[in-house]
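*Asks:* Fit chain to chain and form the complex, with the hints in mind.
If you read the sequences in order, they're chains A and B. Numbering of the first sequence is given in our numbering, commencing with residue 1 and proceeding in unit increments. Numbering of the second sequence is given in our numbering, commencing with residue 232 and proceeding in unit increments.
Each hint should be verified, as a subset may be incorrect.
Stated by the list, open to error - Mimicking SDA-like on lysine to any residue, the simulated pairs with C-alpha atoms at most 25 Å apart in a straight line are: (1) B:Lys760 / B:Lys730; (2) B:Lys730 / A:Arg9; (3) A:Lys185 / B:Lys698; (4) A:Lys111 / B:His331; (5) B:Lys730 / A:Pro12; (6) B:Lys552 / A:Arg135; (7) B:Lys698 / B:Val384.
What the hints assert, rightly or not - One side only, chain A facing chain B, incomplete, derived with CB under 7 Å: (8) Pro12; (9) Ser53; (10) Leu93; (11) Ile96; (12) Pro115; (13) Arg126; (14) Glu127; (15) Leu146; (16) Thr159.
What the hints assert, rightly or not - Taking CB as the label site, the calculated pair distances span: (17) B:Gly533 / A:Phe204: 36 to 42 Å; (18) B:Asp537 / A:Arg225: 49 to 55 Å; (19) B:Pro507 / A:Asp134: 28 to 34 Å; (20) B:Pro507 / A:Gly68: 54 to 60 Å; (21) B:Gly459 / A:Ala160: 54 to 60 Å; (22) A:Lys192 / B:Gly490: 46 to 52 Å; (23) A:Lys79 / B:Thr416: 35 to 41 Å; (24) B:Asn536 / A:Asn67: 37 to 43 Å; (25) A:Asn67 / B:Pro507: 48 to 54 Å; (26) A:Thr162 / B:Asp418: 44 to 50 Å; (27) B:Val290 / A:Gly124: 44 to 50 Å; (28) B:Val769 / A:Pro29: 33 to 39 Å.
Keep in mind that the hints were calculated from the coordinates and are not lab data. For every residue, glycine included, the Cβ atom is placed at its ideal position computed from N, Cα and C.
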Amino acid sequence: MDIKVNILRYNPDTDRKGHWEEYILEADPDERILDLLHKVKWFDDGSLAFRRSCAHGVCGSDAMVVNGENMLACQVLVKEVSTPIKIEPIRGLPVIKDLVVNMDSFFDSYKKVMPYLVNDDEPGERERLQSPEDRDRFEDTTKCILCAACTTSCPVFWTADTYVGPAAIVNAHRFVFDSRDNASKQRLEILKDVDGAFRCRTAFNCTSACPRGIQVTKAIEDVKRETLTIN
Amino acid sequence: MKVIKHSFDGVIVGAGGAGLRAAIEAAPHMKLAVITKLYPTRSHTGAAQGGMSAALANVEEDNWNWHSFDTVKGSDYLADQPAVDILCKEAIDSVVELEHWGLPFSRLENGKIAQRRFGGHTVKEGEAPAFRACYAADRTGHMILQTLYQKCVSMGVTFFDEFQVLDIKIDDGVCKGVIAYEIATGDIHIFEARAVTFATGGFGKIYKVSSNAHSLTGDGPGILYQKGIPLEDMEFYQFHPTGIYRLGILLSEAARGEGGILRNKDGERFMERYAPSIKDLAPRDMVSRAIATEISEGNGAGPNNDFVYLDLTHLGAETIKQKLPDITDFVRTYVKIEPINEPIPVQPTAHYAMGGIPTDVNARVLSDATGTVLPGVYSAGESACVSVHGANRLGTNSLLDIVVFGKRAGQSMVDYVSSTKPMALSDNAAEDLTSKIENLMEKDHSLEFSVPRIREELQDTMEENAKIFRSEDSLEKQTKILSDLRDRYQNVTISDKGKVFNTELLEAIELEYLLDMSDTTVASALHRKESRGAHSRVDHVERDDKNWLKHSFAFKNGDSVKLEYKDVELGNYEPKERKY
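So that you can see chain B by itself, here it is in the shape it has in the complex (with noise of 0.2 Å):
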């Protein structure tokens, strides 16, 4: 294989909004590429819809305390506050930053940033629903790209599209690049850089019905597993309560923001029952669970019962039109249905890891569970777990998790890179990368041991055993399901064996990734015997904050996963019951 190589001061892995805002923040203070497996604007950050949280008070009194409570209530406790509190104070200017960026923010009449409710959040601790997601329409991922992107442009920002990064090469516990496969050609890249930022985004694509992208397969947590750094909180992955019934595809909970209803196969508006104060703009892992008890009672609608309604049809053409066009689209042109008129069948979907690499506030990657930095190493995004997020993410605190963390760990990385000297790395540092992959091209091809029908087991088996509710049964069961089919991925084969554009070659890789995402998911999920955000277990159905106030740290042990434990760290909120 043919093999160029490249030295960089920094390197950021993924570009879509936490890799910009950090490519933004880099750029101008040290030779820095972004490597990205798509293009900039592919990136999911586009597919994120409702809005940005930040106490702009725009619409009324609000304040970023308020807005660090719900945050915390709503990640069940599990969320270090300090690094919430981070979150929430930098909201502000994060927004305002953008703004004057040109982000396109909708308007109110008197020409400010406007905002809008959003689950979970809700002002005076709790007292009624906040308008405080800064939206541009239900676009505002969308928006946050292109407008992050554009800066970079007008930057000068050196991007390398269509690379797929495959290692990370630390050497005595010090970064010196990564290893990255340029898809066009086949051809393999040494990227010398001290300072590497992985955001890579998340990896929904181990369960079957999910909101994200082919894409999104734990890329960047994988690599560094696979290097023995541990991932945090991986037993809590969210899954989104409104997804498009079968298809997964989001509907924003800004639908249910401008006044959109939940309804059981009676019509029942059900939300009442389980969260009366603010009902369908309760937390996602709440309404998530109450749509499955609702299914699993007999309560869905459809010929098979497993789907409920989303209901629009009050709201008029006109809020539909101009707030919430492209979720409308997406269901006019997927389920035929016309929203303005007709409710909409949705059920739960795979949406976002709370979990991922452990970094600190200052997005500094972490190589245990006592806190020791790893130098040079940062992660922001869905990839890291600062962990503002906790249990539980509200809606809107991820494109604010991009921007704010994003930004952290483009300062960090100037930080090292202007306290440290270049790092050499020699020319057979591919080396063991380059006879993996000629292994894999090499092998026959066979049925058995191809990349779709082990994936497509493994997220069969991952949606019927470690989705909203878990036992001790169904995570053991999943753990042996796990066990065999990576027994069948050492065997793992292609029939591509061409150079070009081979992406069979690169979804064989991010399998890999995937059983490791699923590997960790499934042992953190089996030791937690409490129930708290979005895991829930029905063996253990009380939080227990006595002994699990605690986020998990999973470590690759040979084939195993082992598990250490690191305290939350609390501040302004005591851990309560959680009621809405």
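So that you can see chain A by itself, here it is in the shape it has in the complex (with noise of 0.2 Å):
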């Protein structure tokens, strides 16, 4: 079947703001949203820029909006989205042509929460014990692959980019809930200033957004909830 694809294109070489072009495309319909762009780059136009890399969505590169939702392009098939599909970069980060932003302000939140285990006791030979149940209190944002969906939903990011954001927050909570890690209080200091988890407002888009299925702003939650434990 031939669909039309609208999406919105920015060249820094020759575009002052982005325009809207339209492709009509001979696709399937199990087909993925990256194979859509692919058909677009290959035999359309070349300089068509957007990142991707495994197409099964475990890599987080190519976090888009399509007909307004965040999603990954290579999770989401033909078939599932209205046409014309419109196929836009994510929002609240800048572009630096076509569907591709500048990630560092979402890396360097990333970074300010700590997002390691920080345990200087001596763990012996053998590895650390955990219990089956402790494992299970932060397995849900471990699945976190920074793909920024979330981040990128929020309003609250689009409007103060100084927010952490969503991303940054999970990142926090799998170690706050690690039953192995000492820096809780640390993370949590950090998470309780005005930049951190209380500017969250429950829109829940993060949480429709994330393509693996973390409920963001329930970790969001617990996160406010835990900074309330610390003096």
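*Replies:* What follows is the structure in structure tokens.
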């Protein structure tokens, strides 16, 4: 079948701002949105820029806005979206070219929350023990692939880019609730800050946007509640 | 083109598991840069699913010698046994170390790391399937990648994200650095570095149906091959038995480790005929061949009889949800099937290169078949061939390989840097490269010579002629096709003339590596007149230890490939007939 795809194009060498371009593509209903982008790039306009790598929803390269919603282009099939299909870059980060945005501030926020295990105790020669129940407490937030779909769907982030954003809080959650970690207090101090977890107004956009099905808003609420336990 | 110069002691190219593990080892001891064409967390290590083997004996009696035996037998006796011993012995500490760094392994009731069964891993040298694969649900690779990246963040490792390395500078046999292209700006960067590790991953994109990411184009092996460094054992390419039909998306062997069964169109558990003792948990080469045979004999399912079923319906919703959440999501997302109730259509998918850049057990790159070390150059992970996987890798041994030999690469960099002085590169060190890129940009675009056209033909024909079963006829046919594609590539053109995020330019450069990988794969396969592991010749069906217990070394020789051979290093295990 032929379908109409509209892509928000921007070339920094020639354009002052983005403009929509329309493509008519022969597509199979079972194809991914990413396949459509490749059709444009490979057989129509080689200059179309977008990130992609694994093509099955685990690397997090191709988060974009499709028909108004954040998703991974490789994880959604043509038959699941209405036509014409409108594709734009994720919002709130500077556009470099077409569907590619500058991720620097996103990764800076991630790094701010100490996204690594802190435990200076002598671990011994074998693994630390952790019960399946303790392991389950942070299972959901270990799934994050740092695609930025959540953060760039957040209305608070759109208006205040100093807000660390959902993805950073998810990655803090992953360690705050890990029984092996000793730096929860430091992380929670960071997240108590004016640009931390309490900026969240529970819009739930992040939860809808997460391609890994993480209960992002719930994780943020868990972190907020936990900050109340520290002095 | 703008050229920017940097000075480091060491550079690591690639930020998947092997590159990051090397970085953790090297960073405290030198000025180090990690250069990746992606962001580190988007490396394909993150797509690995089932587990990482180590004889922790958390579930049942186990020891690393049995792991060694299985790895050697799985390799069809082509692996170098001293290297395999290192892999399996160091596996235990490697897993523990990852746990100490925070890796969230799944746990047993007693709090220890959980372990599951996997193909080809047995207790007591073949007695029964072993619980050896340490796992985090079915996203073990994701957890390894995240944990190693987190560790690097905590250490303040310097990354150059979205920089594509295009060349290595070797003067008089000594490494001096690399040249990279900054994707966001189109600028060229000269990195002075006397120690360089290539950890660039595999090259599954030479085939049409592949579990590999688009980024897996053999960049590291390609760069070195063009400099005259040979590639080892390129005829051994692994096809994973269970890729989602047509898409090739990986469905982990963990599905069968947890009890999943392969069935043909009649519902028959056909692996009982091919591997009576361990059935569906036979090594991947055997299972992929069995599927291909079932299909060619008309036992495949579907209107074209071209797939088989992976049946998980008897496992129960709870096991599937707890232990196989990601792969069942893939099935729901891409084929709209509910794996709890329905069997999944699968077919073999191009998955893993056993071959690659030849190295010794310290990840030092070897420049010939006699073991001459190339000073300052290292490789680890899928881009390297140690060889621990021989003719067929066992599942879970790749995640192990990246941490064991990634660490060794980092250690070798430290040893080398501490005993040598900095190397200087001149400001015009990138001249060859900039003129190559400028030529490519200036050429008028023509569809006939476009990257996607040439690449699609390459992938289609490699799929047809050099996949699971090969013959002299199919390989000679493919040799001619590759020669024609190479001619066309000499005239390759691109339409994007911009500097910013010109990924079309990068695809053109990657295509040359894909052609190199295909040339060496086909030439090595054509010359090896036996069947061993993943290399199945329909015209030479037997393994021939008398003549072929050898590693192949494929050298660039003008436009053709020259082959040399090196004897396999044996050890405790004498080659025997391989039965399961």
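*Asks:* Next, verify each hint and record whether it holds.
*Replies:* These are the hints, each one checked on the structure:
no.: 1; hint: B:Lys760 / B:Lys730; verdict: violated (48 Å)
no.: 2; hint: B:Lys730 / A:Arg9; verdict: holds (16 Å)
no.: 3; hint: A:Lys185 / B:Lys698; verdict: violated (55 Å)
no.: 4; hint: A:Lys111 / B:His331; verdict: holds (20 Å)
no.: 5; hint: B:Lys730 / A:Pro12; verdict: holds (10 Å)
no.: 6; hint: B:Lys552 / A:Arg135; verdict: holds (16 Å)
no.: 7; hint: B:Lys698 / B:Val384; verdict: violated (40 Å)
no.: 8; hint: Pro12; verdict: holds (5 Å)
no.: 9; hint: Ser53; verdict: holds (4 Å)
no.: 10; hint: Leu93; verdict: violated (13 Å)
no.: 11; hint: Ile96; verdict: holds (6 Å)
no.: 12; hint: Pro115; verdict: holds (6 Å)
no.: 13; hint: Arg126; verdict: holds (6 Å)
no.: 14; hint: Glu127; verdict: holds (4 Å)
no.: 15; hint: Leu146; verdict: holds (5 Å)
no.: 16; hint: Thr159; verdict: violated (26 Å)
no.: 17; hint: B:Gly533 / A:Phe204: 36 to 42 Å; verdict: holds (41 Å)
no.: 18; hint: B:Asp537 / A:Arg225: 49 to 55 Å; verdict: holds (53 Å)
no.: 19; hint: B:Pro507 / A:Asp134: 28 to 34 Å; verdict: violated (42 Å)
no.: 20; hint: B:Pro507 / A:Gly68: 54 to 60 Å; verdict: holds (56 Å)
no.: 21; hint: B:Gly459 / A:Ala160: 54 to 60 Å; verdict: holds (55 Å)
no.: 22; hint: A:Lys192 / B:Gly490: 46 to 52 Å; verdict: holds (47 Å)
no.: 23; hint: A:Lys79 / B:Thr416: 35 to 41 Å; verdict: holds (39 Å)
no.: 24; hint: B:Asn536 / A:Asn67: 37 to 43 Å; verdict: holds (38 Å)
no.: 25; hint: A:Asn67 / B:Pro507: 48 to 54 Å; verdict: holds (53 Å)
no.: 26; hint: A:Thr162 / B:Asp418: 44 to 50 Å; verdict: violated (29 Å)
no.: 27; hint: B:Val290 / A:Gly124: 44 to 50 Å; verdict: violated (20 Å)
no.: 28; hint: B:Val769 / A:Pro29: 33 to 39 Å; verdict: holds (38 Å)
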